[in-house]
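S.K.: Starting from the structure of chain U, add chain Y where the hints point.
Sequence order for the protein chains is U and Y.
Residue 245 in our numbering is what sits at position 262 of the first sequence, and the numbering runs on without skipping anything.
Residue 504 in our numbering is what sits at position 521 of the second sequence, and the numbering runs on without skipping anything.
Hints are computed from structural coordinates only; laboratory data are not their basis.
Glycine included, every Cβ here is placed at the ideal spot set by N, Cα and C.
Please note that a few of the clues may not be correct.
What the hints assert, rightly or not - If you want a taste of the chain U side facing chain Y, the calculated C-beta under 8 Å gives, among others: (1) Ser85; (2) His88; (3) Asn306; (4) Arg384.
2 protein chains.
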Amino acid sequence: MEHAEEAVETPARFETHSDRYVHWRLEIEPPLARLVMDVQEERPFRPGYPLKTNSYDLGVDLELADAIQRLRFEHPEVRAVVITSGKDRIFCSGANIYMLGSSSHSFKVNFCKFTNETRLAIEDASAHSGLKFVAAVNGACAGGGYELALACDEIILVDDASSAVSLPEVSLLAVLPGTGGLTRVVDKRKVRRDLADVFSSLGEGVKGKRAVQWRLVDETVPLSRFKARVAERAKALADASPARSGPGVELRPLEGRYEDGGVEHRYVSLRVDAAARVAHLTVKGPGEGEPATADAMRERGSELWALRAFRELDDVLLDLRFNRPDVGVVVLGTRGDSERVLAADRALWENRSDWFANEVLHHMKRVLKRLDLTARSFIAVIDAGSCFAGSLMELALAADRSYMLASSDGPKVQLSVLNDGPLPMSNGLSRLATRFPAGWPAGESMDEAYDAEAALEEGLVTFAPDDIDWDDEVRLAIEERASLSPDALTGMEANIRFAGPETLETKIFGRLSAWQNWIFQRPNAVGERGALTLYGKPERARFNWKRT
Amino acid sequence: MEHAEEAVETPARFETHSDRYVHWRLEIEPPLARLVMDVQEERPFRPGYPLKTNSYDLGVDLELADAIQRLRFEHPEVRAVVITSGKDRIFCSGANIYMLGSSSHSFKVNFCKFTNETRLAIEDASAHSGLKFVAAVNGACAGGGYELALACDEIILVDDASSAVSLPEVSLLAVLPGTGGLTRVVDKRKVRRDLADVFSSLGEGVKGKRAVQWRLVDETVPLSRFKARVAERAKALADASPARSGPGVELRPLEGRYEDGGVEHRYVSLRVDAAARVAHLTVKGPGEGEPATADAMRERGSELWALRAFRELDDVLLDLRFNRPDVGVVVLGTRGDSERVLAADRALWENRSDWFANEVLHHMKRVLKRLDLTARSFIAVIDAGSCFAGSLMELALAADRSYMLASSDGPKVQLSVLNDGPLPMSNGLSRLATRFPAGWPAGESMDEAYDAEAALEEGLVTFAPDDIDWDDEVRLAIEERASLSPDALTGMEANIRFAGPETLETKIFGRLSAWQNWIFQRPNAVGERGALTLYGKPERARFNWKRT
Chain U
-16 MEHAEEAVET PARFETHSDR YVHWRLEIEP PLARLVMDVQ EERPFRPGYP LKTNSYDLGV
44 DLELADAIQR LRFEHPEVRA VVITSGKDRI FCSGANIYML GSSSHSFKVN FCKFTNETRL
104 AIEDASAHSG LKFVAAVNGA CAGGGYELAL ACDEIILVDD ASSAVSLPEV SLLAVLPGTG
164 GLTRVVDKRK VRRDLADVFS SLGEGVKGKR AVQWRLVDET VPLSRFKARV AERAKALADA
224 SPARSGPGVE LRPLEGRYED GGVEHRYVSL RVDAAARVAH LTVKGPGEGE PATADAMRER
284 GSELWALRAF RELDDVLLDL RFNRPDVGVV VLGTRGDSER VLAADRALWE NRSDWFANEV
344 LHHMKRVLKR LDLTARSFIA VIDAGSCFAG SLMELALAAD RSYMLASSDG PKVQLSVLND
404 GPLPMSNGLS RLATRFPAGW PAGESMDEAY DAEAALEEGL VTFAPDDIDW DDEVRLAIEE
464 RASLSPDALT GMEANIRFAG PETLETKIFG RLSAWQNWIF QRPNAVGERG ALTLYGKPER
524 ARFNWKRT
Chain Y
-16 MEHAEEAVET PARFETHSDR YVHWRLEIEP PLARLVMDVQ EERPFRPGYP LKTNSYDLGV
44 DLELADAIQR LRFEHPEVRA VVITSGKDRI FCSGANIYML GSSSHSFKVN FCKFTNETRL
104 AIEDASAHSG LKFVAAVNGA CAGGGYELAL ACDEIILVDD ASSAVSLPEV SLLAVLPGTG
164 GLTRVVDKRK VRRDLADVFS SLGEGVKGKR AVQWRLVDET VPLSRFKARV AERAKALADA
224 SPARSGPGVE LRPLEGRYED GGVEHRYVSL RVDAAARVAH LTVKGPGEGE PATADAMRER
284 GSELWALRAF RELDDVLLDL RFNRPDVGVV VLGTRGDSER VLAADRALWE NRSDWFANEV
344 LHHMKRVLKR LDLTARSFIA VIDAGSCFAG SLMELALAAD RSYMLASSDG PKVQLSVLND
404 GPLPMSNGLS RLATRFPAGW PAGESMDEAY DAEAALEEGL VTFAPDDIDW DDEVRLAIEE
464 RASLSPDALT GMEANIRFAG PETLETKIFG RLSAWQNWIF QRPNAVGERG ALTLYGKPER
524 ARFNWKRT
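Same shape as in the complex, but just chain U (with noise of 0.2 Å):
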């Protein structure tokens, strides 16, 4: 584990596009869309284990993810898609086994954690793009595979004599299906908890009428009827959903600059600080000339500052979190014009009924999710030039903690309509309302702009240092947030960060996540002789049998 664990892996790039997929086609066919698994088993994302059986890799999950995105941007006509297979009576089998097997317990957990959010996003576009989602299981449905069709609105399964949906991983590996499967089976799809415990620890899962039966699939049909069936489903859960009108508005490349000191995108950099194992991310505001209309913002397209300076805002977050691992403080700017910011979030605000700036606004909801989920220390610094106003100021309330300068001239913070209830964390609550449980004592006064002073009083801000501790006092909070237990931090942020209620999202990232972290640490999983070593191998694993 440590030999993995201190494995130099080639740096990974997230950026992808439909013209360029290698495992999933993308047929269009308005309203509906076809989203085809055909994975390469030549072509994993990094050397050393074929993709068999149609099994799932970070490169295929990219794609995925990409897809999803593309979808709810470029496809506005399209209002259902059918999830399913181009391999002979296989579905998907899951994460690959051979790749979590040979990977760092710091690559499994990020894997996962990236695999979880784009099932997530699945369900976000469900709720609100009115993208509904069919998987069309026209074969063996394992693990992993099972899991991405819990994240479908619907699953309609073959009825044959080998189709079955399974949880194998607890009775095969020794480990959970920890993406989100546990999870959606008794919260999304209300199976029964005895015959979840059941289904969970029974490798070859449940076929037929029983797997209806049970509520792990909605339907099963014949094969001759299959192809029909899903068409008939998919028309009619486009027809139940909001027309959008096109066209469409295209995705273009980042076209950022990755050096081993950080990433240069327009409008977010990162800039690494090795030796001290910090990270500046400092976040642009938009130019001159925004545009206020929807017609223009269309117009603009992916090159709007909310959408552009979001999308490599998320592009950042991914490269810390798999080429960075080292780095355990994220110190957070921004600079610019908070007039602009704001002006950004109106013009998104009052028009939000056109599906363009309603995409724009929950793909911000989405990277911002990314941030909170992000397993650093995040110091937001509010100095001279910043621009910390509305959607930015959520990078503040999102951070651990925050300091800003108080001085005469100095900096000012200010709140927007988009910090009051449209840029959810995954708790559901604003980040404003997680900060104050009990209510915000100035919530009337959104339009004031606060300087340090104010800032602290109403709590927006943590720490409010003067030109004279300044630097000392950011230094040093730097310094001592980054001498502590990198793994202390992690459990303690992912305690304090979610306040209040928890759903379905919290649930995934808290309880489950942390669960099958602590089980990837297990030598009854990962040992020499633990059961995802030594899939496929003759052996048979070997397990302490002490309970914990």
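M.R.: Coordinates of chain Y only, in the frame set by chain U:
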């Protein structure tokens, strides 16, 4: 770690009595009581670590749990409890670090689970027995010490130069405050998340006015006025709490017989098949002549079936957790007359406005929660001669799955009003509501006795094999379960058992404890150079800086 994991530990015993407390003084002055923590350094639960600076181990916490329980049953005249320290300038320094550092992973996890249950029992007493708690923090209050205070209704901190509340776990030990601290700070006391972050990463803690401003304590009072102010607040809380008529009911010793092969109590027995790693836990229903009126029930006191049987069950569950780590599967059985169980339930329910019957019901509830939270697979076997009815039917509903014998004069199962709300799980729902998230179709027929076929039809049991298949099917289910990875099962059960809403309790046992368990496996905490391992030694911890 593996070394400690394998170390043989003396079997723990869990019963104690206020007459023989070593570490606490229980002083009764109705309507107040004082629980004074005065830990005897040289009397740890097992040899090898002195209990310096009012630090605690399992022995200290067993006495605390016993005291809370006895206050509820034996002292109905008490309506407020002051928890304070008998030491000078130190309230409590938390769980003993040397004890934790030298314990096996499994012991650490079970120790934290028990101490969490004790803190929740304090809150349960406040919510359901009108027994209010004031933490009189008369000195330094660190880690588990502050977590104990957090479980109280009010926290009063002495205002002097040295008395601070703190959670130094992250900074000193590279682990979490795992006894609910992180959860209660943000979810119970509603400390703002950025302040909680500062507080929880700051070894030295927060004192005086700032502790009040941050909501970490309710009041801070100079030493000269401390005693008077504590007495005043305790009196005010007692006055606001309804009086309960005495006399109390003594909790008499259980006097079970403990052997390698199991435990024998009057109503509850545990028989261990070590080779199979299976235990048979059997609960006998009431005998003849159980009382039905409030007076008669008080007269019967701790010999009342409903109280004695569930106290015995509690003892056996703790025995399983601490003394029998190799047991993976627990077969739950019952023996007796269903009508008598239902009569006992009815007597409690009809007299629930009597404080004693109310206490018995809440005790049942807590024991059943302990079962839900026990990391073993439970399989209920409903065979001839069993009495799975009402409160004992909860055992079948709590089990991960159940098998019921289908035969012409086979067993029946039946519900009572106790299944429909009075015995909720940690998630706040009854086991029936958790089982049927979409509602139980037969909700109206609580009076019916169901044979195997009908129980299967109604979803009350998982499987109903007939005479011919019974032996093989039950045997195979047990064997298969016992063959799976204990860790994967623990994680799976922790997810499937708690469908539905999350509460403070489930957040503590799900999110918080799962992260803590993960950290308890990480070399940064427990490795040779981990911070927990090296605590108190001259060497400094060395961390692997990779974030996960």
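S.K.: Using 8 Å as the Cβ threshold, decide whether Asn306 of chain U counts as touching chain Y.
M.R.: Violated. Min distance 12 Å.
S.K.: Using 8 Å as the Cβ threshold, decide whether His88 of chain U counts as touching chain Y.
M.R.: Check passed: Cβ of His88 of chain U comes within 6 Å of chain Y, closer than 8 Å.
S.K.: Next item in the hint list is Arg384 of chain U. Is there a CB on chain Y closer than 8 Å to its CB?
M.R.: Because about 4 Å separates Arg384 of chain U from the closest Cβ in chain Y, which is inside the 8 Å limit, the hint holds.
S.K.: Return the status of the interface hint for Ser85 of chain U: holds when the least beta-carbon distance to chain Y is below 8 Å, violated otherwise.
M.R.: Result: violated, 17 Å to nearest chain Y Cβ.
This entry does not satisfy hints 1 and 3, going by the numbered hints stated previously.
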